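Colleague: Sequence:
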Amino acid sequence: MLLDELSAPPKPPTPPPANKTEVRNEPIQTNDSQISEDELEAKKYLKRGDIDQAIVAYRRIRPMSVRILKLIGQLSADEKRDYDIAVECYRQALKMQEEAGEDIADTLSRLGTVYHNRGEYDSALKCHSRALSLYESAHPRDSNSIATSLTSISNAHRAQKELNEALDYAQRAWTLRESCGSDNDTVVAKSLALLTNIHHDLGDDAQALKLGTRALILFERVHPSNPSQSAELLNTLGLVQMNLGELFEAQHYFERALKIYSHIAPLEQAEAARTEKNFQCVFEMQRSIDNLQQYS
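Numbering (the numbering used here), first residue to last: 144 to 439.
These are calculated hints, taken from the structure and not from any lab test.
There may be inaccurate statements among the hints.
Below, computed lysine-lysine pairings styled on DSS-like, alpha-carbon distance capped at 27 Å [as the list claims (entries may be wrong)]:
no. : residue 1 : residue 2
1   : LYS304    : LYS186
2   : LYS402    : LYS420
3   : LYS269    : LYS238
4   : LYS269    : LYS190
5   : LYS186    : LYS269
6   : LYS304    : LYS269
7   : LYS238    : LYS223
8   : LYS223    : LYS186
9   : LYS190    : LYS238
10  : LYS420    : LYS353
11  : LYS223    : LYS187
12  : LYS269    : LYS223
13  : LYS238    : LYS304
Restraint-style ranges between C-beta atoms, simulated for each label pair [stated by the list, open to error]:
no. : residue 1 : residue 2 : range
14  : GLU279    : GLN423    : 43 to 49 Å
15  : ALA281    : LEU345    : 29 to 35 Å
16  : ARG224    : ASP433    : 40 to 46 Å
17  : GLN303    : GLN423    : 27 to 33 Å
What you are looking at is a predicted structure, and each value in this text was computed from that prediction instead of being measured.
Using N, Cα and C, we set each Cβ at its ideal position, and we do this for glycine too.
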């Protein structure tokens with residue numbers, strides 16, 4: 144039973160997922176005059192940065208509500224990388240909301256993101272597709288939520304190597320953000336970065352370079368709020384330049400990415416290792432070319 148599982152000691156954190164997805168979690172509102180002593184205690188632990196004890200305090204709350212389940216799910220997923228508990232929390236919250244006839248779009252989005260992080264891309268697609276349908280039928284329509292769902296669906300298709308479908312949804316998300324005149328540089332940069340990755344995967348490196356350069360300018364404008372995303376984009380641009388035969392440019396991008404990773408280690412060790420491998424590869428390629436030119 145879920146409540147029994149929630150009463151168990153929290154699991155230690157596991158490494159972050161290889162695929163990062165975007166999710167637009169709606170704020171979980173509460174009235175301070177109505178919260179329990181256990182929730183007040185949980186908030187105190189959160190202020191201290193003690194996530195484990197905060198979760199323990201939230202688990203003691205009875206009756207368990209949708210809001211508390213979503214709080215536990217969010218902490219478990221975002222802070223502990225405990226996606227098993229997060230899935231159970233969101234599924235239980237979803238069931239309670241469906242029985243009460245409440246809006247389930249946000250919960251579906253959260254659940255879809257956790258499924259994606261567990262590598263369950265079919266389940267992620269189902270959740271995000273349901274959320275998209277609800278967002279599109281809502282009045283008034285929330286364009287940001289629709290674009291986020293489109294992006295999440297694109298990410299799931301890309302993870303399954305369904306690149307044409309991924310490109311279609313990513314382009315729809317980008318078109319919607321442009322039509323709404325989004326002034327959030329981070330959101331726009333993420334859309335461009337996703338399109339960059341997909342075009343690179345499809346072998347269209349000229350278009351990937353064009354879009355990636357635009358995305359990088361936007362990421363740098365909001366620096367240092369997105370260092371890992373900037374580093375990932377720089378690594379992709381390095382690979383793009385390698386494919387285009389621009390080895391000096393590729394080396395430059397890899398060096399910039401490694402510099403960022405050196406400041407955020409050990410959070411992105413796997414990504415840093417891949418970038419280091421790419422850097423060594425392009426370095427050896429350039430050295431071989433230099434040697435051939437020297438003796439030609």
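Colleague: Enumerate the violated hints, using their earlier numbering and listing them in ascending order.
Modeller: 1, 4, 5, 9, 13
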